[in-house]
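Trainee: Work out the full structure, taking the sequences as your base and the hints as a guide.
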Amino acid sequence: MTQRLKIDRKYVPVLTTIVVFALLYLYGAVLYKGMRQPQAFFNLLINNAFLLITSIGMTFVILTEGIDLSVGSMIALTSVASAALLEKVGLSPFIVLPLMLLMGIVFGGGMGAIIHFFKVQPFIVTLAGFFFFRGLCFFISLDAIPITDPFYRTLALTRIQIPFFERAFLSIGAVVSLIVLVVGMYVAHYTRFGRTVYAIGGNEQSARLMGLPVGRTKIAVYAISGFCSALAGIVFSISLLSGHGLYAQMVELDAIASVVIGGTLLSGGYGYVIGTFFGVLVTGLIQMLIQFNGELSSWWTRIAVGALTLIFIGVQSYFASRRQGRTLSGMETSFPDAAQTAAAAEDALTIDTS
Amino acid sequence: MDQSTSIWHKLRDSQLFWPLLALGLIMLFNLFFTPGFYDIEVKDGHLSGFLIDILNRGSMLMLMAIGMTMVIATGGVDLSVGAVVAISAATATVLINPALANQLISSEELIQDVTRTPLWLCIVAALAVSTLCGLWNGLLVSRARIQPMVATLVLMVAGRGIAQLITNGQIITVYYSPYFFIGNGYLLGIPFSLFITAIVLVLVWLLARGTAFGLFVESVGINARSSFFSGINEQNVKLIVYTICGFCAGVAGLIYSSNVKSADANNAGWGAELDAILAVVIGGTLMTGGRFSLLASVIGALVIQSISTTMYAVGVPAMAAMAIKGLIVLVVVLLYSEQTKSVLTNFVERVGAQS
Numbered sequence: 009m010t011q012r013l014k015i016d017r018k019y020v021p022v023l024t025t026i027v028v029f030a031l032l033y034l035y036g037a038v039l040y041k042g043m044r045q046p047q048a049f050f051n052l053l054i055n056n057a058f059l060l061i062t063s064i065g066m067t068f069v070i071l072t073e074g075i076d077l078s079v080g081s082m083i084a085l086t087s088v089a090s091a092a093l094l095e096k097v098g099l100s101p102f103i104v105l106p107l108m109l110l111m112g113i114v115f116g117g118g119m120g121a122i123i124h125f126f127k128v129q130p131f132i133v134t135l136a137g138f139f140f141f142r143g144l145c146f147f148i149s150l151d152a153i154p155i156t157d158p159f160y161r162t163l164a165l166t167r168i169q170i171p172f173f174e175r176a177f178l179s180i181g182a183v184v185s186l187i188v189l190v191v192g193m194y195v196a197h198y199t200r201f202g203r204t205v206y207a208i209g210g211n212e213q214s215a216r217l218m219g220l221p222v223g224r225t226k227i228a229v230y231a232i233s234g235f236c237s238a239l240a241g242i243v244f245s246i247s248l249l250s251g252h253g254l255y256a257q258m259v260e261l262d263a264i265a266s267v268v269i270g271g272t273l274l275s276g277g278y279g280y281v282i283g284t285f286f287g288v289l290v291t292g293l294i295q296m297l298i299q300f301n302g303e304l305s306s307w308w309t310r311i312a313v314g315a316l317t318l319i320f321i322g323v324q325s326y327f328a329s330r331r332q333g334r335t336l337s338g339m340e341t342s343f344p345d346a347a348q349t350a351a352a353a354e355d356a357l358t359i360d361t362s
Numbered sequence: 050m051d052q053s054t055s056i057w058h059k060l061r062d063s064q065l066f067w068p069l070l071a072l073g074l075i076m077l078f079n080l081f082f083t084p085g086f087y088d089i090e091v092k093d094g095h096l097s098g099f100l101i102d103i104l105n106r107g108s109m110l111m112l113m114a115i116g117m118t119m120v121i122a123t124g125g126v127d128l129s130v131g132a133v134v135a136i137s138a139a140t141a142t143v144l145i146n147p148a149l150a151n152q153l154i155s156s157e158e159l160i161q162d163v164t165r166t167p168l169w170l171c172i173v174a175a176l177a178v179s180t181l182c183g184l185w186n187g188l189l190v191s192r193a194r195i196q197p198m199v200a201t202l203v204l205m206v207a208g209r210g211i212a213q214l215i216t217n218g219q220i221i222t223v224y225y226s227p228y229f230f231i232g233n234g235y236l237l238g239i240p241f242s243l244f245i246t247a248i249v250l251v252l253v254w255l256l257a258r259g260t261a262f263g264l265f266v267e268s269v270g271i272n273a274r275s276s277f278f279s280g281i282n283e284q285n286v287k288l289i290v291y292t293i294c295g296f297c298a299g300v301a302g303l304i305y306s307s308n309v310k311s312a313d314a315n316n317a318g319w320g321a322e323l324d325a326i327l328a329v330v331i332g333g334t335l336m337t338g339g340r341f342s343l344l345a346s347v348i349g350a351l352v353i354q355s356i357s358t359t360m361y362a363v364g365v366p367a368m369a370a371m372a373i374k375g376l377i378v379l380v381v382v383l384l385y386s387e388q389t390k391s392v393l394t395n396f397v398e399r400v401g402a403q404s
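The listed protein sequences correspond, in order, to chains A and B. All residue numbers for the first sequence refer to the working numbering, where the first residue is 9 and numbers rise by one. All residue numbers for the second sequence refer to the working numbering, where the first residue is 50 and numbers rise by one.
Derived from the structure by calculation, the hints contain no laboratory data. Treat the hints with care, since some could be wrong.
To be verified - The following label-pair restraints were derived from C-beta to C-beta distances:
hint: 1; chain 1: A; residue 1: L39; chain 2: B; residue 2: G259; range: 26 to 32 Å
hint: 2; chain 1: B; residue 1: K390; chain 2: A; residue 2: G118; range: 20 to 26 Å
hint: 3; chain 1: A; residue 1: R224; chain 2: B; residue 2: L70; range: 53 to 59 Å
hint: 4; chain 1: B; residue 1: V380; chain 2: A; residue 2: L110; range: 21 to 27 Å
hint: 5; chain 1: A; residue 1: Q213; chain 2: B; residue 2: L181; range: 38 to 44 Å
hint: 6; chain 1: A; residue 1: G118; chain 2: B; residue 2: F78; range: 25 to 31 Å
hint: 7; chain 1: B; residue 1: N316; chain 2: A; residue 2: P46; range: 36 to 42 Å
hint: 8; chain 1: B; residue 1: R192; chain 2: A; residue 2: M218; range: 34 to 40 Å
hint: 9; chain 1: B; residue 1: Q388; chain 2: A; residue 2: E303; range: 52 to 58 Å
Remember, predicted model here, so these are calculated numbers, not experimental data. Where is the CB? At the ideal position from N, CA and C, for every residue including glycine.
Mentor: In structure tokens:
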């Protein structure tokens with residue numbers, strides 16, 4: 009009997025997130041009438057569409073043991089640049105939209121190339137990107153630019169009816185985010201590229217020795233993250249119908265927190281895109297509960313998200329130490345970074361000899 | 050040939066060389082493009098001018114860079130310093146007038162030039178709280194073995210919430226004049242904040258270089274495991290380093306809140322962690338850990354502050370200046386990278402061989 013109920017250990021973190029989400033939602037539904045409406049759940053998807061898109065890009069980066077701190081700035085840059093091109097230059101949205109996505113890919117890929125070719129830590133390069141993109145916004149415009157383009161307005165006001173639910177709808181942005189989710193899951197789990205991403209996160213040195221295209225994949229991962237944050241920026245600017253350099257601050261933190269809560273290891277090589285989906289839902293739900301409560305100030309959201317991130321990291325390191333404890337000696341367990349140091353030393357050696 | 054390479058090597062090996070060069074370039078730029086940059090005049094019995102302004106405003110950044118240097122030298126990073134600045138500022142200002150966090154109080158009571166808590170107690174409390182924040186980071190990194198970036202990310206996310214919890218979500222304005230002296234006062238015509246920075250620098254320097262602690266830090270940064278095997282308690286080294294970083298951020302928070310005479314939990318120390326990390330990187334301490342120089346980081350902080358002040362002087366909007374800062378950082382990081390260094394060294398040696 010117990011044998012049949014046993015769940016594969018690798019799914020535990022993702023399932024934990026789903027259970028946490030379900031319990032939190034149940035708790036909310038018991039307390040607040042409004043949350044029992046199906047639309048409450050769909051609002052969660054609508055309000056967090058841009059965060060979901062960003063977080064999926066971030067998941068790929070974190071799976072390769074990288075980090076992308078520039079996503080929030082990229083969202084702001086996309087919103088300002090698209091608003092300026094639409095309103096001040098007067099370009100058609102059908103030119104602006106592909107242009108923005110291209111910008112995301114180029115900037116993201118550029119950062120990836122610097123990370124790969126100059127062997128600089130992802131953290132510091134994307135930090136420079138964080139500054140650069142947000143600064144660019146203010147070179148374009150110091151004030152918020154409202155978007156009056158009719159196509160954007162139609163996109164913003166379109167409601168997509170959900171079958172089988174009365175008066176329940178999704179926005180275009182939410183539908184786009186769900187499509188990105190499905191594509192992200194397919195790419196991560198069913199393609200050669202996805203397996204290479206996991207291999208690099210597991211051990212970059214081994215991946216290279218196996219003949220996998222490490223450089224190309226690493227650059228592509230940052231390009232994906234750039235693309236996703238540009239797409240998120242478009243969704244964001246459609247929902248607000250304006251562009252400003254101060255938008256989407258701290259989104260990089262929310263995205264990282266969502267990925268972590270979704271069960272992806274920050275040391276790379278382990279995690280699921282679907283986990284990120286539930287991670288985003290949990291962070292969104294915390295915000296929603298605090299809004300429904302009405303008495304707690306919005307800054308409790310930050311504390312709650314921080315605490316939840318810490319708990320999930322704690323759970324992760326517990327599982328990581330148990331996994332390592334089975335394969336390695338006790339000494340290795342107390343030094344999880346030792347293997348990395350060794351790999352880095354090997355890396356340095358190969359550079360010297362070449 | 051030997052001579053030219055040896056001079057090159059000596060220059061390149063000094064950690065102070067590159068940050069000083071960067072500072073020199075900015076100063077040279079200002080000599081030509083910013084009129085009145087080097088004017089220093091005596092106003093109300095103290096010095097004033099762009100250079101003094103850089104030093105005064107840079108003191109906060111220098112303090113954070115001092116703490117951050119040793120953290121980065123152990124191979125870690127502290128993303129929470131901005132949040133700790135906000136917490137420290139919130140604690141001190143709330144203690145000066147607890148009523149300020151309450152909206153219902155009448156305005157005459159608010160603007161009185163009095164303090165509800167002795168000033169020394171406010172300062173000690175703010176420093177204690179921020180040191181505790183550092184200790185918390187240190188515990189997460191050294192005992193719970195969480196990656197430094199993630200461990201400090203938690204406080205970075207939650208810290209501003211905690212600061213707002215302390216201030217009850219209000220922007221607290223201080224009307225107690227002795228408190229202004231910390232960030233606005235002048236001693237012997239020189240900003241008082243500089244003296245504080247100097248004292249902290251000397252204290253940390255004595256700890257790092259007067260004892261073996263600095264070597265321990267570098268050893269842990271190069272290889273934590275072999276340090277452990279050679280008898281260094283690497284857990285405690287990390288713990289101390291993060292605690293010092295929290296303390297330094299706390300001092301910076303005091304100077305900040307005193308300088309702007311208020312505490313805004315949302316904006317105090319906004320982006321400060323990034324500036325502090327950049328200062329350390331410009332100072333030539335590698336993000337992977339190892340050799341560090343406190344003085345080079347302080348110069349790095351001055352470089353960042355000079356860049357910001359220069360931009361304002363030239364008339365670039367504060368937010369747009371971030372783009373240029375980002376580019377400069379990228380260039381600096383690329384210059385420091387091993388790839389560029391080996392290319393440069395090869396180039397210099399080839400030129401030397403030809404001549």
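Trainee: Between N316 of chain B and P46 of chain A, does the C-beta distance stay in 36 to 42 Å?
Mentor: Once the Cβ atoms are compared, 39 Å apart, the range 36 to 42 Å for P46 of chain A and N316 of chain B holds.
Trainee: That 20 to 26 Å hint for K390 of chain B and G118 of chain A (C-beta), does it hold up?
Mentor: Given range 20 to 26 Å: holds, Cβ gap about 22 Å.
Trainee: Are Q213 of chain A and L181 of chain B spaced within 38 to 44 Å by their CB atoms?
Mentor: The hint (38 to 44 Å, Cβ to Cβ) holds, given that Q213 of chain A and L181 of chain B are roughly 40 Å apart.
Trainee: Does the Cβ distance between Q388 of chain B and E303 of chain A fall inside 52 to 58 Å?
Mentor: Since the Cβ atoms of Q388 of chain B and E303 of chain A sit about 56 Å apart, the hinted range of 52 to 58 Å holds.
Trainee: In this structure, is the beta-carbon distance linking R224 of chain A and L70 of chain B contained in 53 to 59 Å?
Mentor: violated (36 Å)
Trainee: Does the Cβ-Cβ separation between V380 of chain B and L110 of chain A fall within 21 to 27 Å?
Mentor: holds (25 Å)
Trainee: Just tell me: holds or violated, for the beta carbon distance of L39 of chain A and G259 of chain B against 26 to 32 Å?
Mentor: For G259 of chain B against L39 of chain A, whose Cβ atoms are near 59 Å apart, the range 26 to 32 Å is violated.
Trainee: Is 25 to 31 Å right for how far apart the beta carbons of G118 of chain A and F78 of chain B are?
Mentor: Between G118 of chain A and F78 of chain B, where Cβ atoms are some 26 Å apart, the hint holds.
Trainee: Is the distance from the Cβ of R192 of chain B to the Cβ of M218 of chain A consistent with 34 to 40 Å?
Mentor: holds (36 Å)
The structure fails hints 1 and 3 (numbered hints given earlier, in ascending order).
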